[in-house]
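Visitor: Sequence order for the protein chains is A and B. In the numbering used here, each residue carries its 1-based index in the first sequence increased by 90. In the numbering used here, each residue carries its 1-based index in the second sequence increased by 202.
Computed beta-carbon distance windows for the label pairs: (1) B:Ala321 x A:Val253: 39 to 49 Å; (2) B:Pro277 x A:Ala167: 28 to 38 Å; (3) A:Ser342 x B:Ala332: 54 to 64 Å; (4) A:Arg133 x B:Gly340: 43 to 53 Å; (5) B:Ala330 x A:Ala157: 25 to 35 Å; (6) A:Val335 x B:Ala313: 38 to 48 Å; (7) A:Arg339 x B:Ala332: 51 to 61 Å.
Computed far set for chain A versus chain B, every beta-carbon distance over 10 Å: (8) Asp137; (9) Ala167; (10) Ser178; (11) Thr212; (12) Val253; (13) Tyr261; (14) Ala279; (15) Leu287.
The hints are simulated quantities; they were obtained by calculation from the structure and are not laboratory data. No residue lacks a Cβ here, since even glycine has one placed at the ideal position from N, Cα and C.
Okay, here's what each chain looks like letter by letter:
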Amino acid sequence: MNDAIDQYLDRLADRVHPAGARLRRVLGECEAHLRESADALHRDGLDERAAAQAAIDRFGSEETVAAPLRPSPMRVARQAVRTLWMLSGIGMVAVGASGLLAWLLRATAGARFVAGDSLGSTYTPARCADFLEYYPGAGSCATAAALHHADEIVATRLFAGVVGGVLLACYVWYRRGHRGDEVALPAAAAPMVAAVLFGVAAGLLLMDSLALTAGELANGEATAGIGDPLSAGLVALGAALLAVVTTLRSISGGAPLSVRRIASTTSL
Amino acid sequence: MGKGPPPGARRARTLQGSFPYLGRLGNLATVTPTDRLRGHLEGLLLGALAASGPAHGYALIVTLRRRSGGEFDLPEGSVYPALHRLERAGLVESAWVTAATRRRRVYALTAAGNEALAAERLTWSRFASAVHGVLEPGVLL
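Using the sequences provided together with the hints, build the complete structure.
Guide: In structure tokens form, the structure reads like this:
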């Protein structure tokens with residue numbers, strides 16, 4: 091039966107943020123209180139409906155309970171910083187993964203595919219001499235430059251990945267020591283931000299790859315330098331898809347805010 | 203001349219910050235016991251827990267009402283945010299307890315809560331003596 095107390099708890103559930111374990115606890119406590127109070131009033135002579143309404147009136151408005159439970163701006167800001175920390179780590183690890191992919195492409199498709207210059211690009215003799223000094227077996231300035239740039243791309247990205255790994259390890263270590271911290275942001279917030287950022291990055295990088303391909307095909311040339319944005323774009327696309335799945339799972343796990351659903355998990 | 207509110211306005215705001223009910227009600231005679239509870243609810247909940255032993259929210263409200271002679275008739279739902287604050291501060295601990303088909307969250311004082319209560323009693327006793335000394339000079343509390 092969906093009585094006045096159930097309806098009150100439904101309205102309260104809409105006001106308690108964020109949802110999750112805290113909401114279950116608040117609703118469980120409030121329902122136990124309201125039913126106890128209504129029973130006492132019923133024993134005192136009120137009929138069931140009037141007793142339930144009187145118990146609600148004594149309990150106070152939904153806002154009386156929900157407003158003080160909302161996280162303070164400082165708490166929200168602290169969790170936002172922590173989330174940014176985590177996302178920065180994940181972003182840099184993704185850059186590291188794109189470095190691995192670029193290395194694979196360099197090994198299979200060649201350095202020119204990863205970092206070759208477009209037709210018409212030239213270097214000064216001094217710069218060419220630099221490239222050829224490091225890659226004496228390259229045979230030409232353009233090949234030596236492509237090898238140099240491909241190695242630079244791989245090394246820089248792998249370094250970013252290592253930094254990201256350290257950031258994430260520090261984050262995990264910090265979170266282990268702060269497990270009881272109050273949750274101030276919805277569970278879906280971080281994966282949603284990640285999905286948007288990775289999605290935008292994937293879109294831009296893959297479009298860049300396509301534009302490079304189209305431009306070079308128009309020049310009648312084989313694809314040069316496409317592996318650079320392509321490797322990053324593919325990793326960003328994978329990360330965006332993972333983030334979308336995580337977001338959807340967070341949303342379906344934390345909502346809808348239905349008392350019936352919560353009551354079934356708290357066995358009140 | 204410097205900009206900003208006149209000194210009187212600033213003083214009024216400070217007063218209102220210390221006694222929120224003053225600015226809203228304007229008249230001390232209309233201040234209810236529940237208004238006076240502001241800022242003291244946590245201490246009273248610690249006291250009610252010390253008096254009753256481990257208890258759930260509804261039992262604490264009943265204890266507060268009974269021990270105050272019905273004076274503290276606050277919205278019952280307001281005890282839960284206060285209890286959660288006390289728990290976050292480590293002054294109370296809680297657990298779900300099922301009895302007679304009803305599941306309740308039962309709160310108990312921690313050692314830190316007992317210490318906080320002792321400190322609150324001392325502070326309140328000094329404050330009450332001081333107020334009494336001003337309002338009714340010559341009459342010992």
